[in-house]
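Participant: Spelled out, the chains give:
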Amino acid sequence: MVAAEVPNLASAAEYFFKIGAEGKRFRPTVLLLMATALDVHIPELSPPGIGDTLPTDLRTRQQRIAEITEMIHVASLLHDDVLDDADTRRGVGSLNAVMGNKLAVLAGDFLLSRACLTLASLKNTEVVTLIATVIENLVTGETMQLTTASNKRFSMEYYMQKTYNKTASLISNSCKSVALLAGHTAEIAMLAFEYGKNLGLAFQLIDDVLDFTGTSASLGKGSLSDIRHGIITAPILFAMEEYPQLRAVVDKGFDNPANVDIALEYLGKSRGIERTKELAMKHANLAAAAIDSLPQSDDEDVIKSRQALIDLTQRVITRNK
Amino acid sequence: MARAALLHLLRYRTAAAAAAAEPLSAFRCQLMTRSNSKTPAAGIKWAGFCRPFSSKAALNDVIGNDTDSSVAVMEPQERVDPFSLVANELSLIATRLRSMVAAEVPNLASAAEYFFKIGAEGKRFRPTVLLLMATALDVHIPELSPPGIGDTLPTDLRTRQQRIAEITEMIHVASLLHDDVLDDADTRRGVGSLNAVMGNKLAVLAGDFLLSRACLTLASLKNTEVVTLIATVIENLVTGETMQLTTASNKRFSMEYYMQKTYNKTASLISNSCKSVALLAGHTAEIAMLAFEYGKNLGLAFQLIDDVLDFTGTSASLGKGSLSDIRHGIITAPILFAMEEYPQLRAVVDKGFDNPANVDIALEYLGKSRGIERTKELAMKHANLAAAAIDSLPQSDDEDVIKSRQALIDLTQRVITRNK
Chain P
1 MVAAEVPNLA SAAEYFFKIG AEGKRFRPTV LLLMATALDV HIPELSPPGI
51 GDTLPTDLRT RQQRIAEITE MIHVASLLHD DVLDDADTRR GVGSLNAVMG
101 NKLAVLAGDF LLSRACLTLA SLKNTEVVTL IATVIENLVT GETMQLTTAS
151 NKRFSMEYYM QKTYNKTASL ISNSCKSVAL LAGHTAEIAM LAFEYGKNLG
201 LAFQLIDDVL DFTGTSASLG KGSLSDIRHG IITAPILFAM EEYPQLRAVV
251 DKGFDNPANV DIALEYLGKS RGIERTKELA MKHANLAAAA IDSLPQSDDE
301 DVIKSRQALI DLTQRVITRN K
Chain B
322 MARAALLHLL RYRTAAAAAA AEPLSAFRCQ LMTRSNSKTP AAGIKWAGFC
372 RPFSSKAALN DVIGNDTDSS VAVMEPQERV DPFSLVANEL SLIATRLRSM
422 VAAEVPNLAS AAEYFFKIGA EGKRFRPTVL LLMATALDVH IPELSPPGIG
472 DTLPTDLRTR QQRIAEITEM IHVASLLHDD VLDDADTRRG VGSLNAVMGN
522 KLAVLAGDFL LSRACLTLAS LKNTEVVTLI ATVIENLVTG ETMQLTTASN
572 KRFSMEYYMQ KTYNKTASLI SNSCKSVALL AGHTAEIAML AFEYGKNLGL
622 AFQLIDDVLD FTGTSASLGK GSLSDIRHGI ITAPILFAME EYPQLRAVVD
672 KGFDNPANVD IALEYLGKSR GIERTKELAM KHANLAAAAI DSLPQSDDED
722 VIKSRQALID LTQRVITRNK
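Taken in sequence, the protein lines are chains P and B. Note that the numbering used here has the first sequence beginning at 1, numbered continuously upward. Note that the numbering used here has the second sequence beginning at 322, numbered continuously upward.
Read the hints as simulated data drawn from the structure, not as lab findings. Just so it is clear, the structure is predicted and the values come from calculations on it, not from any experiment. By construction, the Cβ of each residue, glycine as well, lies at the ideal position given by its N, Cα and C atoms. Treat the hints with care, since some could be wrong.
Stated by the list, open to error - The calculated label-pair distances, taken between Cβ atoms and stated as ranges, are:
1) P/230 with B/605: 49 to 59 Å
2) B/477 with P/60: 39 to 49 Å
3) P/230 with B/671: 53 to 63 Å
Unchecked claim - If you want the ones that stay clear, here's a sample from chain P, every Cβ over 12 Å from chain B, calculated:
4) 103
5) 104
6) 114
7) 120
8) 128
9) 146
10) 213
11) 223
12) 256
13) 317
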C-alpha cells in the first residue's frame, strides 16, 4: 500500500515498517482484538457451510482501520522527527540534511494521503469523520505541547487534554470505527471508544513515569528525555501541587542540567510518581470496565478476545519499557 | 549586465515570434463560432470576442506590458471579469474558511492568518474556477433563482460545491506551508533560535491541520467518490514534489517526466476538484470528464507560462524573483526544449547552478533556442484544449450558464497572456 512510484518515497516507507516492527504493532493488535470482541469472527474460524461472505468483507474492512491507524501514527512520528532533526541539524547545512527533512515531511504527507484513500474505500463517512478528527487532534495536541510559554502547561487538565489529543484520540476513534463498521449501536460504539481512550491515557501516563524511572536500555529513547526537552508531564505536575516552589524551577527551563537535578529532587520527595501510577490504574480499570459492559456472549473467541483486551490494560500499567 | 541583456533578447524574440503565431488562435476562434452557431444572438457576441491576435495586441500581450490583457484581446461590449462574476461567493467562502480554520490553540490561528494572506494574494484563482464551473454546469447561484421556487436543493448543492472550493484552497495552502518549511530550512541554516524551530514546526503542523480540516469538510459531503478524488490529489501533490526532488535522476531531463510532475504538482488539484464539482451535481461521467479536462489543461497551461515568466518576467511582477527555478536547479519546459536543440546544454545543466556564471551560459543557450516559444505554444495548446472542453458541454440558453462558460474560456486566455 505504501509502495510508491518514486523510489525515494519507497525508502521512507521502509522506515514505516521498521517502526511498525519495533512498536510491537500495539495499535493494530488492540483494533483486531476489538473487532473480535464485538462478535465479528476471524474468517477461517467460521463454521464451514455458512457461505455468507459478508463477515470476511467486514473483517477486511476492519483490518483497513488498523492499517489506516498505523499509517497516521507513523505519519505523525515522521513529522515530529523532522522537527527534532531540525534542532540537531542547526549549522549543519548539507543538502542531504535538507532532503532528509523534506522527504520526511513528504513521506508523512504521503502516508496521510494513502490513509485518506483507504478511508475513502471504506465508503463510510462517519468513519471518515472520526479519522479526520484524529488527524486534527494529533495536530492540536502537538501544538498544545509547543505552547511552552503559556501557563497552561502547568495545568493538569490541559495536560490530560493534550495527552488525549496526542495519544488517546487515535486509539479511541479507531476502536469506535471498528464498531461502526460492524454496524453496532451507538452504545457499543461508545464502549469501544471508552476502552481505547482510557487505554491510551493509561499508556501515556506510564510512559511519563518510565521516562523518569526506566533505564535507557529498556526505554530506547533515553531516560529524562521529556524534561530535558522542557516537556512537563504528570509526575512533575503532581509534584508541583505538593511543592509550589518547583514551579519556579520549571520556569527556568532545563537547558542547565543542574536544574534537572533540582527538579528530580523535588519529584523524589513528592508523591508525583505514585499519583501518576494511581491515575494510570484508574484509567486502565475504566478501560476494563468498558469491555465488561459489552453485551454478554458465549462465543469462545469473543470471550478470549475480551479477556485479552482486559489483559492489555494490565500490561500497559505494569510494563517497564 | 549580461543577464539583463539576455532576458531583454528573450522578450523581444518572443514578441516577434508571437506576431507570427496566427494559426492556433485563428483555429480557436473558428472553433468558438462554430459551436455557437445554434444560438445566433450569442454567436454574434462570441464572434466579437473572437478577434484573433493582431500583431499589435499580441506584441503587448506576449511581452506582458499590457496592463489589462483581456481588453486587448476581447471586445469590451459584454466583457465580464471572471473574478467579479463570483466575487460575492468568494467573500462568503473566505469568511467560512476563516471560521473553519479557527483553532483552539492561538498559535495555530496565527498560521491560519498566513493562510488568508496567501489567499488574498493569489486572487483566489482556484475557487474562482470552481465556482464558475459550478454555474457553467447549470447550477445557479441561489439568489438568482426565480422567486416562488421553494426547492432548497439547489442552494444545498451550491453550498456543497462551495465546500469543494474551500477544501481545494485548504489543500493548496497546506502544500505551500510544507514547501515553505523546507525552503526555510535552507535559509535558517546556522540560525538556531527557538523561534525558528517553532516557526518550522508550526508550519508543518499548520499544514497538517489544514489537511485534517479539509478531510473533515470532505467527509461532511458524504460523497465517497469525491473523497477518493481529493485524497488522490493529496497523493499527487506529494508525488509531484518528490519527483521534483529526484535531482540525481536522468528523468528530470525528460519532457514526459516533467509534464507528469507538472500534472501532479499543479493540475491535479484543479482537475479533480472541477470533476468533484460536476459529480456533486449528479452529472454524467462524460460531463464530469469534460470538467476534469478543463481543469487539467488549464492547470498545465498555467504552469507552463509560470515557467516562462520565471525567465522573462520582472521580479516586481513575479514576486518570487526571476530565475528562481533555475537557481534552485529546477529544470523546466523552456530549458528542456532548449536541450533538445542544443544537447551541449545538458552538460551545463549537469554542473548545477550554484555558480551564477553557469546560469548565464544556460540563458545564452535558451536565448538562441526556441525554448521559450515552444513552451508558449504548448501552453496555448493546453489552453485551447481547456476551452474546447467547455465548448463541448451540452448547449444551454441560460444566460448565467453562458456567461460562466465564457468566463471559463476567458480564463484560459488570461492564463497564457498574463505577465505575472
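Participant: Hint by hint, say whether it matches the structure.
Facilitator: How the hints compare with the structure:
Separated by about 58 Å at the C-beta atoms, residue 230 of chain P and residue 605 of chain B satisfy the suggested range of 49 to 59 Å. Taken as a hint, the range 39 to 49 Å is violated for the pair residue 477 of chain B and residue 60 of chain P, whose Cβ atoms sit roughly 34 Å apart. The given range of 53 to 63 Å is broken by residue 230 of chain P and residue 671 of chain B, whose C-beta atoms sit roughly 46 Å from each other. Not every beta carbon of chain B lies more than 12 Å from that of residue 103 of chain P, the smallest distance being close to 7 Å; the non-interface claim is violated.
Residue 104 of chain P, annotated as away from the interface, has a beta carbon of chain B within 12 Å; the closest lies near 10 Å. Its beta-carbon lying about 7 Å from the closest one in chain B, residue 114 of chain P breaks the requirement of being farther than 12 Å from that chain. For residue 120 of chain P, the condition that its CB be more than 12 Å from all CB atoms of chain B is violated, with the nearest at approximately 4 Å. With a least beta-carbon separation of about 4 Å from chain B, residue 128 of chain P fails to lie farther than 12 Å from that chain, contradicting its non-interface assignment.
At the 12 Å boundary, the C-beta of residue 146 of chain P falls inside the reach of chain B, the nearest C-beta of that chain being 6 Å off. In this structure residue 213 of chain P is separated from chain B by more than 12 Å, as the shortest Cβ-Cβ distance comes to about 29 Å. For residue 223 of chain P, the shortest C-beta to C-beta distance to chain B comes to about 23 Å, beyond the 12 Å cut-off, and the non-interface label holds. A cut-off of 12 Å between C-beta atoms confirms that residue 256 of chain P is not in contact with chain B; the least separation is 15 Å.
Residue placement check: residue 317 of chain P keeps its beta carbon more than 12 Å from all beta carbons of chain B (closest about 30 Å).
Going through the hint list in order, the structure does not satisfy hints 2, 3, 4, 5, 6, 7, 8, 9.
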